[in-house]
Amino acid sequence: MKTKSIINFVFSLAFVLSLSTVSFAQVDDASPKLSITQYGITWTFKKPARIGRFVNGDYYVVGPTTITSITPEPKDGRNGSCLNPSATIEKAGFDSRILHDRYDSKLFLAPPVTLRPGDSLLSSISLEEIHTVKPMLYAIKNSQRSPIRTIAVLTCLEAPVPADAFRPAYAGRKKQIYLARNLKRDLLPKLSKKDISFKCYMGTSYDDVNIQEAALWFQRPWIDLILDEFGAPVENMPVYGVPLVRAVGIGSLFLCMDFSPKEKEKLLINFVQVGIDFWGIAGQGQPPCWSALGGHANGRKWPIIFAGLLLGDEAMKNPVRTYPYLKFSEDAQTMFGNSWTGAKVVWAGHMGKDGHPRYADRGAYEHLPPSQWKGDTGENYRRCCTSNAWVGEALAARILHAEKYWNHDAFFAYVDRWMTEDDWEFNRIIKEARGKDYGAKWARQGSVWDPFVKDMWMKYRNHLPPSPDGAVTRNAEDTWK
Numbered sequence: 001m002k003t004k005s006i007i008n009f010v011f012s013l014a015f016v017l018s019l020s021t022v023s024f025a026q027v028d029d030a031s032p033k034l035s036i037t038q039y040g041i042t043w044t045f046k047k048p049a050r051i052g053r054f055v056n057g058d059y060y061v062v063g064p065t066t067i068t069s070i071t072p073e074p075k076d077g078r079n080g081s082c083l084n085p086s087a088t089i090e091k092a093g094f095d096s097r098i099l100h101d102r103y104d105s106k107l108f109l110a111p112p113v114t115l116r117p118g119d120s121l122l123s124s125i126s127l128e129e130i131h132t133v134k135p136m137l138y139a140i141k142n143s144q145r146s147p148i149r150t151i152a153v154l155t156c157l158e159a160p161v162p163a164d165a166f167r168p169a170y171a172g173r174k175k176q177i178y179l180a181r182n183l184k185r186d187l188l189p190k191l192s193k194k195d196i197s198f199k200c201y202m203g204t205s206y207d208d209v210n211i212q213e214a215a216l217w218f219q220r221p222w223i224d225l226i227l228d229e230f231g232a233p234v235e236n237m238p239v240y241g242v243p244l245v246r247a248v249g250i251g252s253l254f255l256c257m258d259f260s261p262k263e264k265e266k267l268l269i270n271f272v273q274v275g276i277d278f279w280g281i282a283g284q285g286q287p288p289c290w291s292a293l294g295g296h297a298n299g300r301k302w303p304i305i306f307a308g309l310l311l312g313d314e315a316m317k318n319p320v321r322t323y324p325y326l327k328f329s330e331d332a333q334t335m336f337g338n339s340w341t342g343a344k345v346v347w348a349g350h351m352g353k354d355g356h357p358r359y360a361d362r363g364a365y366e367h368l369p370p371s372q373w374k375g376d377t378g379e380n381y382r383r384c385c386t387s388n389a390w391v392g393e394a395l396a397a398r399i400l401h402a403e404k405y406w407n408h409d410a411f412f413a414y415v416d417r418w419m420t421e422d423d424w425e426f427n428r429i430i431k432e433a434r435g436k437d438y439g440a441k442w443a444r445q446g447s448v449w450d451p452f453v454k455d456m457w458m459k460y461r462n463h464l465p466p467s468p469d470g471a472v473t474r475n476a477e478d479t480w481k
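Residue numbers (this note's numbering): 1 to 481.
Bear in mind the hints are in silico, worked out from the structure with no lab data behind them.
Take the hints with a grain of salt, since some may be wrong.
[What the hints assert, rightly or not] Each computed DSS-like pair below joins lysine-lysine, with the alpha-carbon atoms no more than 30 Å apart:
id	residue 1	residue 2
1	K266	K174
2	K454	K190
3	K33	K184
4	K344	K374
5	K266	K134
6	K266	K436
7	K199	K106
8	K75	K33
9	K404	K353
10	K141	K33
11	K184	K134
12	K193	K404
13	K134	K454
14	K431	K481
15	K174	K33
16	K431	K441
17	K481	K404
18	K374	K266
19	K262	K194
20	K327	K193
21	K184	K404
22	K199	K33
23	K353	K436
Model the full assembly from the supplied sequences, consistent with the hints where possible.
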């Protein structure tokens with residue numbers, strides 16, 4: 001055992017040294033190029049421009065510069081580009097088939113496009129036909145209506161940056177540069193993989209997922225400007241909040257396991273990049289697409305906190321304290337209060353406790369007996385599309401003792417309730433009162449989309465790594481009573 005520990009230490013040290021001497025060299029000689037291509041998108045410049053790459057592989061150009069051609073060609077409302085997009089208006093110009101007044105032709109850019117330092121150009125490839133590409137961790141469904149295949153981000157900087165620089169957030173023009181050398185990798189625990197199934201629901205089957213595959217989920221930019229399935233690039237990211245928060249949970253749990261530093265690195269870089277991008281969005285104001293609406297807006301908060309923790313950024317790891325206007329779905333949909341089941345924490349409603357003036361069953365209801373519920377929307381979504389998808393991110397946050405940064409204890413208590421409250425008798429009462437049968441295995445409390453997450457919960461929820469401050473976390477069976 002002692003020999004094995006020494007070997008692991010030497011390997012880790014060698015990995016860190018390799019990062020410091022190779023990956024983090026300065027890029028002062030960014031080579032001039034007339035064009036660059038990423039994810040099938042080619043940008044051509046008026047004259048050769050100095051090009052560099054961020055640590056995640058995305059490109060930047062030293063500007064100012066002018067783009068004279070983009071392929072595939074932006075025309076006829078397809079393959080559009082957007083410059084410095086805002087997430088607060090929930091509109092974009094990528095494709096005229098974006099539904100429900102979320103497409104704005106004024107935001108559709110085609111060359112020539114002049115880029116100045118601080119600009120981010122997001123260029124897209126449109127799907128020829130919608131529903132032809134299987135979304136991540138999900139099946140092809142008619143409800144997933146994004147017409148966008150992929151998006152790549154080209155950032156304009158005033159000078160080259162180190163090779164370990166993360167791409168600054170694509171939203172807005174404030175381009176804060178974070179460096180991968182500053183990641184606090186020692187915060188990541190090394191929980192044993194022993195007896196853990198790596199099976200996850202991929203949309204049509206349960207398949208084993210490895211850490212390299214999980215890293216690819218986060219490789220391309222997660223463009224979160226429009227309510228998921230209406231405008232998410234299908235090859236970049238999950239197109240609904242349920243698979244999105246599942247990916248976030250699975251990815252962050254992988255980073256808490258005993259994979260080698262080298263095995264973790266690509267996933268770590270890509271996951272932190274998503275957090276940086278979401279943080280850039282958060283700084284613009286409340287994004288409409290992050291507001292509670294069933295399962296849609298899940299999974300945006302945890303990548304921000306995780307990135308803030310690993311980067312040592314106090315503002316980022318405390319998003320709600322930094323920007324009090326932020327409202328995250330998981331927080332709006334959970335609150336402390338008396339449930340008809342006897343629990344002291346409840347699912348707060350499809351759109352949060354205040355619901356919607358036109359829909360009587362989209363607000364708080366668990367304080368009432370089932371016979372008095374004004375509809376079934378809340379309970380349907382509590383069971384199908386939120387609770388059973390939140391477990392991974394809640395467990396990862398517990399493992400990293402990040403509850404204080406999340407700053408909404410009801411979320412964690414509610415997930416504990418979901419996983420440990422026996423609802424057999426409650427389901428009988430609901431069926432008798434409303435004619436709704438929630439007895440199927442997938443609808444029962446304690447169900448989780450992914451066997452991997454369930455195994456991790458069962459093994460580690462009540463056996464968390466020690467907290468740095470010595471605080472003891474109550475067992476899951478107790479927090480909600």
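Structure-based check of all given hints:
1. K266 <-> K174: Measuring from Cα to Cα gives roughly 25 Å; hence the hint holds.
2. K454 <-> K190: holds, 18 Å
3. K33 <-> K184: violated, 35 Å
4. K344 <-> K374: Between K344 and K374 the Cα gap is close to 21 Å, so the pair holds against 30 Å.
5. K266 <-> K134: holds, 24 Å
6. K266 <-> K436: Outside the cut-off at roughly 45 Å; violated.
7. K199 <-> K106: violated, 45 Å
8. K75 <-> K33: holds, 25 Å
9. K404 <-> K353: holds, 23 Å
10. K141 <-> K33: violated, 41 Å
11. K184 <-> K134: Answer violated: K184 to K134 is near 35 Å, above 30 Å.
12. K193 <-> K404: The given pair, whose Cα atoms are some 27 Å apart, holds under the 30 Å limit.
13. K134 <-> K454: holds, 25 Å
14. K431 <-> K481: The hint holds at about 24 Å.
15. K174 <-> K33: Distance ~25 Å between K174 and K33 Cα, so the pair holds.
16. K431 <-> K441: holds, 15 Å
17. K481 <-> K404: holds, 20 Å
18. K374 <-> K266: Cα-Cα ~48 Å, so violated.
19. K262 <-> K194: holds, 20 Å
20. K327 <-> K193: Since the Cα atoms of K327 and K193 sit roughly 35 Å apart, the hinted pair is violated (cutoff 30 Å).
21. K184 <-> K404: holds, 18 Å
22. K199 <-> K33: violated, 44 Å
23. K353 <-> K436: Roughly 22 Å between the alpha carbons, so the hint for K353 and K436 holds.
When held up to the earlier numbered hints, the structure conflicts with 3, 6, 7, 10, 11, 18, 20 and 22 and fits the remainder.
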